[in-house]
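Undergrad: Take a look at the letters that make up each chain.
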Amino acid sequence: KAGVTQTPRYLIKTRGQQVTLSCSPISGHRSVSWYQQTPGQGLQFLFEYFSETQRNKGNFPGRFSGRQFSNSRSEMNVSTLELGDSALYLCASFDSSNTGELFFGEGSRLTVL
Amino acid sequence: QQQVKQSPQSLIVQKGGISIINCAYENTAFDYFPWYQQFPGKGPALLIAIRPDVSEKKEGRFTISFNKSAKQFSLHIMDSQPGDSATYFCAASMGGYQKVTFGTGTKLQVIP
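Sequence order for the protein chains is A and B.
Heads up: the first sequence at position 54 corresponds to 345 in the numbering used here, and the numbers run straight through without jumps.
Heads up: the second sequence at position 86 corresponds to 88 in the numbering used here, and the numbers run straight through without jumps.
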């Protein structure tokens, strides 16, 4: 089985721009969650989707949004980028019937200049 | 508000030694406590997990110790190897995978 695929792996943007990141979960997994990873802050929960519905949302401003498609692929969008948005954005998929293991992709490294 | 506190931030251990990473949580509704291991350039991967109905779980050289009354849990890596050098995250959640709360991570370096 292929793992979680995230694209792009690296990207550089400037302040004020917007960015869209993509995540393809493991085949058969209907749930996807997104995390922001920064040094010293660990992994901060952004949101979680199941069958195209957002089930949980973390404490991030409205500039951060996401969606999930009928094929379980997910995208997250960050508008009006700020320097502090520079981070590794991780997507994780999981099978709701399992014990709770998250399967992470390798992440999308965003640098905001 | 951070709900899972992890220490130390970094750790250097000699090969063959014991690595110990500690975590404390606040929310007593948490019922699943996993540890994830992350190598540079990779996403985190589940290492070992425990539920609060047991006080210890061992898988190979890795052991989780859980103290429900103190709301603390720890990871012990016995006979630490250079290949164990990675960042380790403790985590906690309710209902398994939903809205997992992670600690801030511990960067472990095992020196030969």
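Don't read these hints as lab results, they were simulated from the structure.
Quick caveat, the model's predicted, so the values are computed rather than measured.
Hints are supplied without guarantee of correctness; some may be wrong.
[To be verified] In silico DSS-like pairs for lysine-lysine, Cα to Cα no more than 30 Å straight-line:
| # | chain 1 | residue 1 | chain 2 | residue 2 |
| --- | --- | --- | --- | --- |
| 1 | B | K70 | A | K348 |
| 2 | B | K109 | A | K348 |
| 3 | B | K44 | A | K304 |
| 4 | B | K7 | B | K60 |
| 5 | B | K17 | A | K348 |
| 6 | A | K348 | B | K101 |
| 7 | B | K7 | A | K348 |
| 8 | B | K60 | B | K109 |
| 9 | B | K59 | B | K73 |
| 10 | A | K348 | B | K44 |
| 11 | A | K348 | A | K304 |
| 12 | B | K73 | B | K7 |
| 13 | B | K17 | A | K304 |
| 14 | B | K109 | B | K17 |
| 15 | B | K17 | B | K101 |
| 16 | B | K60 | B | K17 |
| 17 | B | K70 | B | K59 |
| 18 | A | K304 | B | K73 |
| 19 | B | K109 | B | K73 |
| 20 | B | K59 | B | K109 |
| 21 | B | K101 | B | K60 |
[To be verified] Chain A side only, calculated, beta carbon under 8 Å to chain B, not exhaustive:
| # | residue |
| --- | --- |
| 22 | P352 |
| 23 | E373 |
| 24 | L374 |
| 25 | A378 |
Using N, Cα and C, we set each Cβ at its ideal position, and we do this for glycine too.
Undergrad: Next, verify each hint and record whether it holds.
TA: Okay, the hints, checked on the actual structure:
A C-alpha spacing of about 27 Å is found between K70/B and K348/A, which places the hinted pair at or below 30 Å, so the restraint holds. Proposed proximity of K109/B and K348/A is supported: the alpha carbons are some 28 Å apart, at most 30 Å. The suggested pairing of K44/B with K304/A holds, with an alpha-carbon distance near 22 Å, which does not exceed 30 Å. Between K7/B and K60/B the CA atoms are separated by roughly 22 Å; this keeps the pair inside 30 Å, and the hint holds.
Restraint check for K17/B and K348/A: not satisfied, since their Cα atoms lie roughly 41 Å apart, outside the 30 Å limit. In summary, the hint linking K348/A to K101/B is supported, as the alpha carbons are separated by about 8 Å, within the 30 Å threshold. With a C-alpha separation of about 21 Å, the suggested pairing of K7/B with K348/A holds against the 30 Å cut-off. Note on K60/B and K109/B: the hinted pairing holds, with a Cα-Cα distance of about 21 Å set against a maximum of 30 Å.
For the given pair, K59/B sits about 16 Å from K73/B by alpha-carbon distance, which is consistent with the 30 Å threshold. For the given pair, K348/A sits about 24 Å from K44/B by alpha-carbon distance, which is consistent with the 30 Å threshold. For a cut-off of 30 Å, the pair hint linking K348/A to K304/A stands: about 25 Å separates their Cα positions. Of the pairs offered as hints, the one joining K73/B and K7/B holds, with about 11 Å between alpha carbons and a cut-off of 30 Å not exceeded.
Distance restraint check for K17/B and K304/A: the Cα-Cα separation of roughly 42 Å exceeds the 30 Å cut-off, and the hinted pair is therefore not satisfied. Note on K109/B and K17/B: the hinted pairing holds, with a Cα-Cα distance of about 15 Å set against a maximum of 30 Å. A hinted pair counts as satisfied when its Cα atoms are at most 30 Å apart, and K17/B with K101/B does not qualify at roughly 35 Å. For the hint linking K60/B to K17/B, the alpha-carbon distance of about 20 Å falls within 30 Å, and the restraint holds.
Proposed proximity of K70/B and K59/B is supported: the alpha carbons are some 14 Å apart, at most 30 Å. The hinted pair formed by K304/A and K73/B fails the criterion: a straight-line CA distance of about 42 Å is larger than 30 Å. Between the alpha carbons of K109/B and K73/B the distance comes to roughly 23 Å, so the proposed pair stays at or under 30 Å and holds. A threshold of 30 Å between alpha carbons decides the hint, and for K59/B with K109/B the separation of about 22 Å falls inside it, so the pair holds.
With a CA separation close to 25 Å, the supplied pair K101/B and K60/B stays within the 30 Å bound. Violation of the interface hint for P352/A is found here, the shortest Cβ-Cβ separation to chain B being roughly 17 Å, above the 8 Å cut-off. With a least beta-carbon distance of about 21 Å to chain B, the hint placing E373/A at the interface is violated under the 8 Å criterion. Interface hint at L374/A: violated, since its Cβ lies 21 Å from the closest Cβ of chain B, which is beyond the 8 Å cut-off.
Restraint check, A378/A versus chain B: the minimum CB separation of about 13 Å is more than 8 Å; hint violated.
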